[in-house]
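Chemist: What follows is the residue order along each chain.
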Amino acid sequence: MLIFSVFKTLTDHTVTVELKNDLCITGVLKSVDQYLNIRLDAIKVENAEQHPHMMAVKNCFIRGSVIRYVQLPASAMDIQLLEDATRRESGKKI
Amino acid sequence: MATLHTLVDKRVLLVMQDGRVIMGNLVGWDQRSNIVLADCVERRFSQESGATDSALGVYMVKGDQICLVGEVDAAIEEATSWSEIKVDPLPAVRYGDA
Chain A
1 MLIFSVFKTL TDHTVTVELK NDLCITGVLK SVDQYLNIRL DAIKVENAEQ
51 HPHMMAVKNC FIRGSVIRYV QLPASAMDIQ LLEDATRRES GKKI
Chain B
1 MATLHTLVDK RVLLVMQDGR VIMGNLVGWD QRSNIVLADC VERRFSQESG
51 ATDSALGVYM VKGDQICLVG EVDAAIEEAT SWSEIKVDPL PAVRYGDA
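Residue numbers (the UniProt record's numbering), protein chains in the order written: chain A, 1 to 94; chain B, 1 to 98.
Hints are supplied without guarantee of correctness; some may be wrong.
[What the hints assert, rightly or not] Below, in silico cross-link-like pairs of lysine to aspartate or glutamate (EDC-like), each with a Cα-Cα straight-line distance of 16 Å or less:
(1) A:44 <-> B:71
(2) A:58 <-> B:39
(3) A:30 <-> A:46
(4) A:58 <-> B:53
(5) A:58 <-> B:73
(6) A:20 <-> B:64
(7) A:20 <-> B:48
(8) A:44 <-> A:22
(9) B:86 <-> A:78
(10) A:8 <-> A:78
(11) A:58 <-> B:78
(12) A:58 <-> A:46
(13) B:10 <-> B:64
(14) A:30 <-> B:71
(15) B:86 <-> B:48
(16) B:86 <-> B:53
(17) A:44 <-> B:73
(18) A:44 <-> A:78
(19) B:10 <-> B:48
(20) B:10 <-> B:73
(21) A:30 <-> A:12
(22) B:62 <-> B:18
Note that these hints are calculated values from the structure, not bench results. Treat the numbers as computed from the prediction; the structure is a model and nothing was measured.
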């Protein structure tokens with residue numbers, strides 16, 4: 001649930017999502033749900049010449065289960081806060 | 001799945017886990033992201049003959065096979081001559097190093 005909250009704070013920021021089929025998609029994060037499915041607007045596919053398959057797609061919904069990495073905007077992240085929250089969260093479960 | 005609301009009744013492009021591309025009108029979905037599409041076509045990409053569409057009809061796609069759902073911009077879709085686009089199909093999803 002913690003990471004879900006982190007993503008919610010990043011709405012309207014630009015993120016890059018790397019999928020498990022090696023596609024990299026950059027776009028504006030519009031929404032996220034409990035499965036970490038992600039809605040991106042104004043998307044750009046990396047290496048667009050080699051990947052014209054999604055040329056006509058501007059907004060998309062990405063299934064959380066096929067996401068390998070999400071590159072986050074460093075400026076929008078509070079690393080200290082995240083560290084503390086992570087430790088608090090893991091402490092709770094013991 | 002709150003996030004698919006805005007795509008209902010629109011032309012969407014599905015990228016499947018095996019790399020296939022299916023386009024259709026989104027008529028329904030559920031919380032497991034199972035999706036029902038009407039007027040479906042599969043768009044096959046090939047390095048030799050360009051992209052070709054083949055009609056499929058109405059499809060129910062299992063959510064666990066879906067990679068991505070994109071909203072198709074009709075203007076770009078119409079303006080593109082897909083038969084001249086010669087590229088390999090999208091790669092399939094890989095898990096681990098396999």
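Chemist: Now tell me, hint by hint, if it's right for this structure.
Modeler: We went through each hint and held it up to the structure:
| no. | hint | in the structure |
| --- | --- | --- |
| 1 | A:44 <-> B:71 | 13 Å, holds |
| 2 | A:58 <-> B:39 | 21 Å, violated |
| 3 | A:30 <-> A:46 | 19 Å, violated |
| 4 | A:58 <-> B:53 | 21 Å, violated |
| 5 | A:58 <-> B:73 | 7 Å, holds |
| 6 | A:20 <-> B:64 | 14 Å, holds |
| 7 | A:20 <-> B:48 | 26 Å, violated |
| 8 | A:44 <-> A:22 | 14 Å, holds |
| 9 | B:86 <-> A:78 | 44 Å, violated |
| 10 | A:8 <-> A:78 | 14 Å, holds |
| 11 | A:58 <-> B:78 | 14 Å, holds |
| 12 | A:58 <-> A:46 | 14 Å, holds |
| 13 | B:10 <-> B:64 | 21 Å, violated |
| 14 | A:30 <-> B:71 | 14 Å, holds |
| 15 | B:86 <-> B:48 | 6 Å, holds |
| 16 | B:86 <-> B:53 | 14 Å, holds |
| 17 | A:44 <-> B:73 | 14 Å, holds |
| 18 | A:44 <-> A:78 | 26 Å, violated |
| 19 | B:10 <-> B:48 | 31 Å, violated |
| 20 | B:10 <-> B:73 | 10 Å, holds |
| 21 | A:30 <-> A:12 | 6 Å, holds |
| 22 | B:62 <-> B:18 | 13 Å, holds |
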